[in-house]
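Asker: Throw the hints in and build the complete structure from the sequences for me.
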Amino acid sequence: MSLTLNFLFSQHDIKIRANMDYQFKQIEKDWQKFWAVNETFKAEADERKPKYYVLDMFPYPSGAGLHVGHPLGYIASDIFARYKRLKGFNVLHPMGYDSFGLPAEQYAIQTGQHPAKTTEANINRYREQLDNLGFSFDWSKEIRTSSSDYYKWTQWIFMQLFNSWYNKDTDKAEHISTLIEKLETMPSAEINAVCDEDVLSILPSDWSTMTAEEKQAELLKYRLTYLRESTVNWCAALGTVLANDEVKDGFSERGGHPVEQKKMMQWSMRISAYAERLLQGLNDIDWPEPLKEMQRNWIGKSVGAMMRFSLIPNPSPKEKGAQENKVNIEVKEKRGYETANSFVWDLLKENSKENRKNQTDAEVVLWNSLRDSQTGFKIRRQHVIEGYITDFVCLPKRLVIEVDGGYHNSEEAIAYDKQRTEFLNAAGFEVIRFTNEQVINHTNDVVSQIKIKLENLQSISTTQVAPSFSDSSQNISTTQVAPSPSEKAGDEASYIEVFTTRVDTAYGVSFLVIAPEHELVASLTTPEQKEDIDAYIFATKKKSELDRMSDVKTVSGAFTGSYAINPLNGVKVPVWIADYVLAGYGTGAVMAVPSGDQRDYLFAKHFNLPIIQILDAQKIDKEADPTKEGKYINSGIINGMGYKEATTTIITELKKLGMGYGKINYRMRDAIFGRQRYWGEPVPVYFKNGLPYLIDENELPLLLPEVDKYLPTESGEPPLGRAKDWKYKNSLSFGEGWGEAYEYELSTMPGWAGSSWYWYRYMDAKNDTAFAAQDKIAYWKDVDLYIGGSEHATGHLLYSRFWNKFLKDLGYVTEEEPFKKLINQGMIQGRSNFVYRINDAEGKGTNQFVSNGLKSQYPTSALHVDVNIVENDILNIEKFKAFREEYANAEFILENGKYICGTEVEKMSKSKYNVVNPDDLVERYGADTLRMYEMFLGPLEQSKPWNTNGIEGVFKFLRKFWKMFHDDSWNFTVSDTEPTKAELKSLHKIIKKVEDDVERFSFNTSVSSFMIAVNELTDLKSNNKSILQDLVIILSPYAPHICEELWVLLGNEAGTLSYASFPKFNAEYLIENEFAYPVSVNGKTKTNFLLSLALEPAEVEKEVMANDQILKYLDGKTPKKVIVVKGRIINIVI
RNA sequence: GCUGAAGUGGUGGAACUGGUAGACACGCAGGACUUAAAAUCCUGUUCCCGUUAAGGGAGUGCGGGUUCGAUUCCCGCCUUCAGUACCA
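The number in the numbering used here is simply the position in the first sequence, starting from 1, with 73 added.
These are computed hints drawn from the structure, not numbers from a lab.
Hints may contain errors.
As the list claims (entries may be wrong) - Simulated crosslink set (BS3-like; lysine-lysine; CA at most 27 Å straight-line):
(1) 695 <-> 645
(2) 294 <-> 335
(3) 894 <-> 1065
(4) 102 <-> 214
(5) 106 <-> 854
(6) 241 <-> 190
(7) 294 <-> 336
(8) 294 <-> 225
(9) 736 <-> 294
(10) 245 <-> 736
(11) 214 <-> 190
(12) 1054 <-> 1098
(13) 980 <-> 954
(14) 190 <-> 782
(15) 245 <-> 881
(16) 1159 <-> 1190
(17) 645 <-> 701
(18) 854 <-> 839
(19) 160 <-> 954
Stated by the list, open to error - So the derived label-pair ranges between C-beta atoms look like this:
(20) 110 <-> 349: 44 to 52 Å
(21) 888 <-> 349: 15 to 23 Å
(22) 980 <-> 221: 31 to 39 Å
Don't be surprised by glycine CBs; every beta carbon is placed ideally from N, CA and C.
Answerer: Right, here's the structure in full:
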């Protein structure tokens, strides 16, 4: 026995409890301490041993602590890790915490407690619970995403992403410098990059004349993490944006708050660049098929073609615009204040009303000084001019006054403001701007400036029609950044582009449908159809996201009045709008082929549009037929062809016409990367003239600053906006920008940032010069076994694969895929218990309760009862009476002297009183019992309700196992005799069984087999030392504490069990001489027949036919055939 | 709707390549020990017919098929769970 053991707990203690019944409490406590002090499971890279990396999905340390469902996966992975150690592998099995996140911050908002504090407390609680279960984690490698020596590297990876672009030619990410080289030497149009749609088409000569800032703005459109205005999922209740996978059915996944679509300037990750590799990689990894399927759906690849339909100029959009204005003037004199583009008026009116309710402080202050003609001039607020809502306007003087709040320092925002000013100028308005700060602190100055301006401007008669935007659009700069609806309406669009996966059906197109939000809607709408279209758009806007999703049956739409031309046959087809076409997918427009697509079919039927059959095999009387079978008819150049030939023929033709090309589309969008929250990694970026720049690498980590409150600022900026003196000062003592202070990015990174690379940090958790050393990455490579829930299918598991591929492209890691094999553990559901309270005549509850079996005889209501005071569905009446005061005098109608509770499977939650805490079970039965019972419950991957009912059986098993090492008065006794054949057979059966079961993650069956082995050996009255010692090793991954104790008692050195060798299986011990053949007649088993296994089938048949017992079953008939499978069965056919 | 997984005793589940369906455990019933209870141990426990027994029959969601033989393979249907949803 080692010194360390003596140091920790005395040999004396062990000796005393050796001669007692199974003392699990002391045994478990002592061994957990031993492992911790001796760092038994510390793993270092060691070239002499094969590596094996077992990882559990990163837990978020929630305040609720662990319930009995959480450790399921940890137990499985721990068994596997311990088993692999016994098999001679160098096992890395770490644990840590994904400790940034919303719940701690929500709690901080409510209580004012720093999230770091609550997080720390939660982690400690978590750790305590984990330690209770005897896991073999290497705690020397513990990590926390919220600690600065960890998030330093999260920020560092962010910087690498910012400094990279995706080269489609090499099919990998490269440093931005290689892009700059290309821009310097070739036309940008020839660069094959994944980038924004609005990149400039420029020549090297243009590039060389651009300013540094112009270049920076342009490069942002290529970087793998970038800033741009995008439509985001805004959750007002949480005060932040959410990623697509954090939104479920229009509500936030956490908390269930409503989520709306909103345009915001946001950091995004260009994950779409990796769409194809993420898809292909799925073929090379051993993951559950459903999980891979989910990722495939999420990536959503569709192979098809782009196709252009020319618009018929009847009238041309431009003429129409003019005509429209004329009509307006003629029909009713447009009043001077009716400056809004009438098409968008309805929509803007709503926004404008909204804005008036949600004015900023500065706007309120200014309005109080401007209202009621205090300046001598009539001023309106939130007035709509064409496509814009202005803050304040004086119409007779055509002066717009704007107050800037929130984000107005980013590149796009500035460009947008500039453009807005240009637009308003073009529309005949002058614009003056003030900042929030100016208005609030120097109100009088601001008001007098406005007065002076107003007095100097010439009045315009209110009956005079404002110059239309369309007329002056030529003056607008063409380098637009954020297009407004009205601006696009003025564009001269000559075609509609659609994406289709069935380009072969192009001759069956009988109309086009565009999304109601499509930018061309306004210009395509003819005056006659305007009313219809406006009404439809209005109705669509009113429908909530949920309504649109639930109501998929109703056919709705409206005709724009315009037509487009099918480039293949010149047929004129009408253009409709309908909300079944989504603005966000493809081009926001579809070619409708009613004969092949059910939605188009219903639409065509409803609006009486033609349905053209295009394949001879198509059956279209009742519904659309999407078949690809048969030969094409009514289809011009592809008549008589089959599907494949037709597709290539049409694509070739479209290319020739310049009206289309083959294209692959992905559903997956770039991932929004910013969160307007406090408790996350700060983004290592500062802004100069509205453009983002990285801070210097040696200034990492950029620490999360302290704030006074965890709420947005008054001007709506994220909580980091509250940090005092938190500005970037260039630390370089020379050069441009020296000594100046710049604004940092105020949003933080999302929850998935820290978890997208953490498995590498475990390889080298303390490294402060790299996220992990190269040689360690080269040794541990990737995760061999990853266990966790399927809820991470489209979030964490996709983002991690993306970052992994990116890090590989840059040469930092070696593997294309991070998680070789993945297992989803099933969810543990709750199993609730109910008592039935009898109601009186009025339906009011009495104080009388009736047992489940008799409840149908009374009017009752079911009440949840705490599962912890119910055992095997029998209520503990005393505890129930004590549970609540009102139950103290409760009466019970029993059956067979017991109160039986009803049961139901529900989610495990406090409110349902069905939460089972692992600590309670460890207290009662010990960790080894709980570990084995959780495995015994059923297959790991299956979801099942938790039911403590069977745990006694496992506990009894461990006691029986302990008993094998003892005589009847609990004296530790083992014998040194030669093992018998029967003992060896039992042992080798379990060796084989456990090997097979562990390798296929069938832990429940090996628990059963242990029970069988112990039952067999107990029946044999075996206490053979060599047999028992091997059994201790085999059982140790499942029940490590009891095995360590017995290992020492058997005379081995403490702590060596974890690195012992798994016993070698010898098939010879299982060989039998005889076998009781089941004898069946026509496949129905009748009896058994003991025969030597040496007999060949023919000899067996002879024996069988000579046996009177068996002949009895034949009813005197002669068998047609006798089938003998050696060592398996005998089947007689009559 | 689509995709995926799964339906076996009172319960959790086993049967791995087609070969004795219900292992193992819970629960339940009976018994032993005990003044009694708890704990422990022993026996029985798929259902139906048969007083017990001997024995017989049915049976793995439902209906069919392949096979000497099907929980396992094939076809159709039903149910439950999970994911996804107007994706062009």
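Asker: At the C-beta level, are residue 888 and residue 349 separated by a distance inside 15 to 23 Å?
Answerer: Hint holds: Cβ distance 18 Å, inside 15 to 23 Å.
Asker: What's the verdict on residue 102 and residue 214, does the C-alpha distance respect the 27 Å limit or exceed it?
Answerer: Roughly 22 Å separates the two Cα atoms, so the pair holds.
Asker: Has the given pair, residue 645 with residue 701, been kept, meaning a C-alpha gap of at most 27 Å?
Answerer: This hinted pair holds, its Cα atoms lying about 25 Å apart.
Asker: Between residue 894 and residue 1065, does the CA-CA distance stay at or below 27 Å?
Answerer: holds, 23 Å
Asker: Is the hinted pair residue 980 and residue 954 satisfied, with a Cα-Cα distance of at most 27 Å?
Answerer: Roughly 26 Å between the alpha carbons, so the hint for residue 980 and residue 954 holds.
Asker: Cβ-Cβ distance between residue 980 and residue 221: within 31 to 39 Å?
Answerer: holds, 37 Å
Asker: Quick one, are residue 294 and residue 225 close enough, alpha carbons at most 27 Å?
Answerer: holds, 25 Å
Asker: With the threshold set at 27 Å, check whether the alpha-carbon distance from residue 294 to residue 336 stays at or below it.
Answerer: holds, 18 Å
Asker: Please work out if residue 190 and residue 782 have their alpha carbons no farther apart than 27 Å.
Answerer: Holds, because 15 Å separates the two Cα atoms, which is no more than 27 Å.
Asker: Under the criterion that the straight-line Cα-Cα distance not exceed 27 Å, is the pair residue 1159, residue 1190 satisfied?
Answerer: holds, 16 Å
Asker: Could you grab the alpha-carbon distance between residue 854 and residue 839 and see if it respects the 27 Å cut-off?
Answerer: Holds, at roughly 18 Å.
Asker: Does residue 954 lie within 27 Å of residue 160 when you go C-alpha to C-alpha?
Answerer: Violated - the C-alpha atoms of residue 954 and residue 160 are around 53 Å apart, more than 27 Å.
In this structure, the hints that do not hold are numbers 5, 6 and 19, in rising order.
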